[in-house]
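**Q** Sequence:
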Amino acid sequence: MKRQTPEDFYSYAETLNSKGIGYFAAERVALSKQTAMKKILLLCTFSLLCFTLAFGQSIYTFQFRLQDSVTRNAFLVLQADGSGFIRYKLADALIEQRIQEALTDPVSFDEEITSVLFEGTDSRLVTGSAPITNFDVQFSSSNDALTPAAITISGSKGKQPAGSISDITFIGNEQLSKEQVLNYFSASENFYINLFSNSTRALSPLEKNTRIHLIIVANTNDSTVGFAANKDMAAAEQLFTDLTDVIGIKPMNIIKIYGNGYSKASVLNEIKKFKPQRNDIVVFYYTGHGFRTKKKATHYPMLDLRSNAKQDYLKESLTVDTIFKLIKDKGARMNLVLSDCCNWDPEMPLPYVTADPQTRAGNPVWDPEKSRALFLNPKRTSIVGVAADKNQLAVSNKKYGSFFFMYFRDALQTEISKTNTNKPDFLGWLNIFESTKTQTFRKSRKTYCSKPNRPENICYQTPVFVIQ
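Quick note on numbering: the sequence shown equals residues 1 to 468 in UniProt numbering.
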């Protein structure tokens, strides 16, 4: 297969743009005003780059039986973005099945979720000969973490048992040995090579001299979103500090605008002052309120940068369009402007949406070469991502903050994970964006955002990404 190049990436983006989608813009759906107004119980906050080990990948071994009562030994890998696979042995055969978190029936914003279904697809023989069939895996909450609990019939939405499961063992990355992996993989397969190969190359002098400039704008004094902004500010710094270490580049330059220093003037002043080098990377991160006006033409929202509620939010705001242009004009090689905010009427109230329970997770093991492929490609690139399209709101909650950026982070971690069988590739950004868009949309569509629980009250959120 021909290896795809950065030019392929931009060609693909141009194709999307020619179809009216934008450079990877999510599809847009028109809602009636009556239907749209029922969506007001979404949390409209920016909440970016939440990073915690609770969202890493999970590995389990277990035994299970289907209706033939034959015991199978299985090895399950679940990535941070809800995708994964199971490899299991049946007599002399080795079988693999992909799994993906299922879109389940919607729940109320105040309803607790205690289980998650992962649907099985694309079963295939790896070696040997045996009948194969897809099945689903039900994870249930135990000690505040999801663990495999049941095998169910494919397509039954977890309601029809397909067999039994036993001897479930969680395996941390530090416990994963070559011998254990070789029970299910050959030494020539990407899963084994990614985990145990030490083929990290030396960086060039230009690459070593690269620096990430992280600009954090956090409305920590706001009574409604301040709790999330404080969490997110620390989380963003941690995530990009870790990425800096894994990539092997210069220490990060961090600019933080928060607390009593939070204002439109401070944002403009700090952007004006910092001076990235031509090979540097700039990440702009905002956590606060967002909105749009009726006259706003582009997809991007406006950032509410008032230092106090008495100020005029129209005067004390900046559009994401403006931020994006100011950042690009600084001349860095790579720019990443990401926002998770409401893109609708500024008067919407701020309730919360139930979070899915999380699987038990090991310390994330990130691949330096995969990380470098994303951030050190010599092609000059600018990316902007917003959580919601025009006239939509962004789902969040008090525990995890923004779901859009939670899923972006999960997708990024999955792309650079050593337990992912992918290879280092700049086009991995497409996987990250598509996963973020899909997971955010799916989460919104399985949540009721207002009472009563009926179809028109289901949440709706479609992120938009643009790559230049």
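A couple of the hints might just be wrong.
Said to hold, decoys possible - In silico SDA-like links for lysine to any residue, alpha-carbon gap of 20 angstroms or less: (1) K208 x P251; (2) K330 x F274; (3) K178 x P251; (4) K315 x K379; (5) K89 x G128; (6) K296 x K178; (7) K231 x G261; (8) K159 x K89; (9) K328 x V365.
Unchecked claim - So the derived label-pair ranges between C-beta atoms look like this: (10) T114 x N209: 48 to 56 angstroms; (11) T322 x T241: 37 to 45 angstroms; (12) K379 x L326: 53 to 61 angstroms; (13) T241 x K379: 41 to 49 angstroms; (14) K451 x S177: 27 to 35 angstroms; (15) S129 x N209: 53 to 61 angstroms; (16) S177 x G128: 22 to 30 angstroms; (17) S154 x R445: 16 to 24 angstroms; (18) S204 x D242: 17 to 25 angstroms; (19) Q238 x S129: 44 to 52 angstroms.
Hint data in this document are derived by calculation from the structure and do not stem from the laboratory.
For glycine and all other residues, C-beta sits at the position ideal for the given N, C-alpha and C.
**Q** Taking the numbered hints from earlier one at a time, note which ones the structure violates and give those numbers from smallest to largest.
**A** Hints 3, 4, 6, 8, 9, 11, 12, 13, 14 are the ones this structure does not satisfy, whereas the remaining hints hold.
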